[in-house]
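Participant: Assemble the complex: chain L is given as a structure, and chain B must be docked to it using the hints.
What follows is the residue order along each chain.
There are 2 protein chains.
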Amino acid sequence: MKKIMNAVADIVRESCEGFALAHADLVRLSTDPLFLCRADSMSGRVGLLSGGGSGHEPLHSGFIGRGMLSAACPGEVFTSPVPDQMLAATKAISGGKGVLYIVKNYTGDVMNFELAAELAAAEGIEVQSVVIGDDVAVEDSTWTAGRRGVGGTVLLEKIAGAAAEAGADLAEVKKVAEGVMENVRSMGLALTGATVPAAGKPNFVLADDEMELGIGIHGEPGRERTAMKSADELVDALLGPIIGDLGLGRGEEVIAFTNGMGGTPLLELYVAHRQVVKHLEGLGVRVARHLVGNFITSLEMQGMSITLMRASAEQLRLWDAPVVTPALRWGA
Amino acid sequence: MKKIMNAVADIVRESCEGFALAHADLVRLSTDPLFLCRADSMSGRVGLLSGGGSGHEPLHSGFIGRGMLSAACPGEVFTSPVPDQMLAATKAISGGKGVLYIVKNYTGDVMNFELAAELAAAEGIEVQSVVIGDDVAVEDSTWTAGRRGVGGTVLLEKIAGAAAEAGADLAEVKKVAEGVMENVRSMGLALTGATVPAAGKPNFVLADDEMELGIGIHGEPGRERTAMKSADELVDALLGPIIGDLGLGRGEEVIAFTNGMGGTPLLELYVAHRQVVKHLEGLGVRVARHLVGNFITSLEMQGMSITLMRASAEQLRLWDAPVVTPALRWGA
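Going down the list, the protein sequences come from chains L and B.
All residue numbers for the first sequence refer to the numbering used here, where the first residue is 1 and numbers rise by one.
All residue numbers for the second sequence refer to the numbering used here, where the first residue is 1001 and numbers rise by one.
Here chain L stands alone, though its shape is the one from the complex (with noise of 0.2 Å):
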């Protein structure tokens, strides 16, 4: 294993001390319990907190700062972050106007963020909680019930952000992020595995010719092993049980997000995003708009997957809303 860190047990802690010195104009930092926020006053705002495993970044700590999330707790390496930073966070982040979670539907995050919302209940502060699984490829897996949450957590997490920052109250943000999961479907493959630090070795091995379809962002088996092959074959397997799923039909329009795990180049996620947009031109959908880029990914896990939302014209304007982030910017 090599790896750019200090000592095994200091890689999360230390990388987001480095987050938060390079990013000290959006985010602030607690290091006990760990969790990072906004810079700025949550005052008369619904909080938006989200947190998961670390080794998925940009994701959530990138995502924090205007028009997205309020705070992000990292556990360690591919493991649940426990309740005490989410009581902390959802306290740093509380604005009166109570806090929604966004929760990856992971057994141990859907679990810590249950209690951690009965704590803040019982300090006051109101949550509700909206638990993502928009990964077609399998039905149960590793660590969950029913389906993993994967890249629809970041359309999730850039609309229901604008909502809040627009001022919108929980009930109305927490249905505004309901209207993303009914709409957004994901599937990934991999081309090789990712090495979690503590363990010292690759999550799985691929051959020299072989890929992972289906593929969880912690490694979790997909639907099965097979040759490699070309981009445009990969993009068509991966968007058959999306669109699929979906029922995606002509005349509509979708948000598509071509997303790499981490250590693929960006030259090659660009061919594919080119066979999503010719897919789906062929079917007759268009595509709004475009996210192309790493944003949820596996340690330095080669491949990618592919989110697609259908999106009515109210979830494009909040798409296109002012976002501020170390990850996602634009439009102010």
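Simulated from the structure, these hints should not be mistaken for lab results.
None of the values given here were measured: they were computed from a predicted structure.
One or more hints might be untrue.
Claimed, not checked - Below are the BS3-like pairs computed for lysine-lysine, each with C-alpha atoms no more than 27 Å apart in a straight line:
{"#": "1", "chain 1": "B", "residue 1": "K1201", "chain 2": "L", "residue 2": "K201"}
{"#": "2", "chain 1": "B", "residue 1": "K1201", "chain 2": "L", "residue 2": "K2"}
{"#": "3", "chain 1": "B", "residue 1": "K1091", "chain 2": "B", "residue 2": "K1201"}
{"#": "4", "chain 1": "B", "residue 1": "K1097", "chain 2": "B", "residue 2": "K1174"}
{"#": "5", "chain 1": "L", "residue 1": "K2", "chain 2": "B", "residue 2": "K1229"}
{"#": "6", "chain 1": "L", "residue 1": "K229", "chain 2": "B", "residue 2": "K1201"}
{"#": "7", "chain 1": "B", "residue 1": "K1278", "chain 2": "L", "residue 2": "K2"}
{"#": "8", "chain 1": "L", "residue 1": "K229", "chain 2": "B", "residue 2": "K1002"}
Facilitator: Positioned in the frame of chain L, the structure of chain B alone reads:
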């Protein structure tokens, strides 16, 4: 070799097509000859053109837009673009105030941009050039006489771009670019090699506990291959030669840029950046601005580079000026 691509011969063109689809609000694509340029008019402003081999994305295409590059010419992977591309791009962005070529110091790039400048002059377009060589690792290299052009290029394109956007004339923009070059130095390291698609195998192989200090962005040899070290030791090993060469001293201000080579996760880059800041603070040097991420890459290479620029108040003002490109956005 496992890459998300179709035919090797098509990877650069198809990637540019996907890029142009994803960023149609900002860029326009010409496929014959191949270049990308701003979607808006350059009338009345100095044009900024860069380019070089592909495989370093988001450099350069990702930096096209308001406040940065006017156009970029992508060559084949790790191969210089040709003068025909440069001439066509020059014409496309010529707004009557001349064009500045920003050239990384590699023999092929330098020669082809020189030829293009002659062709442009013959067509009545005034062209000036700057050749950047900011890599302190080695004096001459595989494809370079003198120092290689690396991470400093990103800072140069941003700062010169701000001057051009503000309406500076060609001589002034060139002077701003030269002011960056005098004050910026970089050095990188690799944990793995990278595979050029046309070669089909890694450009070099490092052992499980080995890294190469002073690597070039095409895998050119560095100073030495040594045993893997801690993140803090790696950062210190890069900073020493950079700081020495710049002659940085107590009380000075810098822009600190921690760059990933493509395959290294953000989790690790921020661990490194933490030590960059601590090391500089220990010397009494203030980090006035931060940039962390994969901005000048070497395909899927794991590793990083560090770039420091001694920055005046005027240079910081140009750094802070609005920039709206696919890969770098702020302030507007």
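Participant: All hints are to be evaluated individually against the structure, with a verdict given for each.
Facilitator: Now the hints, each set against the structure:
1. B/K1201 <-> L/K201: Cα-Cα ~23 Å, so holds.
2. B/K1201 <-> L/K2: With a Cα-Cα distance of about 20 Å, the restraint between B/K1201 and L/K2 holds, given a limit of 27 Å.
3. B/K1091 <-> B/K1201: Given that 27 Å is the threshold and the Cα spacing comes to 38 Å, the pair is violated.
4. B/K1097 <-> B/K1174: Roughly 12 Å between the alpha carbons, so the hint for B/K1097 and B/K1174 holds.
5. L/K2 <-> B/K1229: holds, 9 Å
6. L/K229 <-> B/K1201: holds, 18 Å
7. B/K1278 <-> L/K2: holds, 23 Å
8. L/K229 <-> B/K1002: holds, 9 Å
When the structure is compared with the earlier hints, a violation turns up for hint 3 alone.
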